[in-house]
Amino acid sequence: MNEAKRTPGDVLRETRKKDSQTKRAKVLATVDAMKDKGDPITFLAVARTAGVSRWLVYAEGVREHIEAAMRSQAKADRRTKQAGRDASPASLATDLALVREENKALRKERDRLKKAVQRSLGAQLDQAGTKELTARVNELLTAVERLTLERDEIRAERDELKRKLTETEDDLTAARAAGKEMFKRINRA
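Mapping of the sequence shown onto the numbering used here: position 46 corresponds to residue 39, and the numbering continues sequentially without gaps.
What the hints contain is simulated information worked out from the structure, not anything from laboratory work.
Incorrect hints may have been included.
What the hints assert, rightly or not - In silico lysine-lysine, BS3-like type, Cα no more than 27 Å apart, as pairs:
#1 K28 with K68
#2 K157 with K177
#3 K19 with K30
#4 K19 with K(-2)
#5 K107 with K97
#6 K10 with K(-2)
#7 K16 with K28
#8 K16 with K30
#9 K97 with K108
#10 K68 with K19
Stated by the list, open to error - Okay, the calculated beta carbon distance ranges per label pair:
#11 R139 with E95: 57 to 65 Å
#12 F176 with R156: 25 to 33 Å
#13 K28 with A86: 30 to 38 Å
None of the values given here were measured: they were computed from a predicted structure.
Just so you know, even glycine gets a beta-carbon here, dropped at the ideal spot from N, CA and C.
With these hints in hand, go ahead and build the complete structure from the sequences.
Structure (structure tokens):
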């Protein structure tokens, strides 16, 4: 029976209250998730991540939760620095110098190995012997001579065929002309 007596204003207030509670719960869950991930927590970051307006993150009950999370993150950062878990600039510079030295050493090793491979390949070529290389060169020269002769023969054959084609075309032209002349004589007679 209570529902029958509710006014539209009551319904609107209840809807807004539920919506507000839902959004506040979403903001609190977002803060906890950001804290777990290690994402930096700020009022603007929380509002953007939760998808709510900025005024909501400053509202009473929400603001305190965000501020507590921010303080907790700041303490954790201080503890990490005090424990020496973060590398100092001097430590990073030393690491960089060591890596550069290691890179130099690796480059030298690569160059040394490259030269060794080149020497090894040269030695293998020398071992192949000049007799084998001379025989291979002679085989290639013989193949070149054979191909040159074949090419010359094909060219000569082509030239002969061109000549015969020209003669045949001339004969055909003469035969056509003679045929036309014969038809003219027959038609006149």
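Checklist entry - Between K28 and A86, is the Cβ distance one that fits in 30 to 38 Å? => result Taking Cβ atoms as reference, K28 and A86 lie about 33 Å apart, which means the hint holds.
Next on the checklist: Does K28 sit within 27 Å of K16, going by the straight-line distance between their CA atoms?
Outcome noted: holds (18 Å)
Next on the checklist: Against the 27 Å threshold, does the CA-CA distance of K19 and K(-2) hold or violate the hint?
Outcome noted: violated (32 Å)
Checklist entry - Do R139 and E95 keep their Cβ atoms within the hinted range of 57 to 65 Å? => result holds (59 Å)
Checklist entry - Is it true that the C-beta distance of F176 to R156 lies inside 25 to 33 Å, as the hint says? => result holds (31 Å)
Item to check | Restraint check for K16 with K30, where alpha carbons must lie at most 27 Å apart | outcome: OK: K16 and K30 at ~21 Å, within 27 Å.
Checklist entry - Hey, K68 versus K19, does the alpha-carbon distance stay inside 27 Å? => result holds (25 Å)
Next on the checklist: What's the verdict on K10 and K(-2), does the C-alpha distance respect the 27 Å limit or exceed it?
Outcome noted: With a Cα-Cα distance of about 19 Å, the restraint between K10 and K(-2) holds, given a limit of 27 Å.
Checklist entry - Does K28 pair with K68 here, judged by a C-alpha cut-off of 27 Å? => result holds (13 Å)
Checklist entry - Given the proposed pairing of K157 with K177, does the C-alpha separation stay at or below 27 Å? => result Since the Cα atoms of K157 and K177 sit roughly 30 Å apart, the hinted pair is violated (cutoff 27 Å).
Checklist entry - Does the structure keep K97 and K108 at a Cα separation of 27 Å or less? => result holds (17 Å)
Checklist entry - Would the pair K19 and K30 pass a check requiring their Cα atoms to be no farther apart than 27 Å? => result holds (16 Å)
In this structure, the hints that do not hold are numbers 2 and 4, in rising order.
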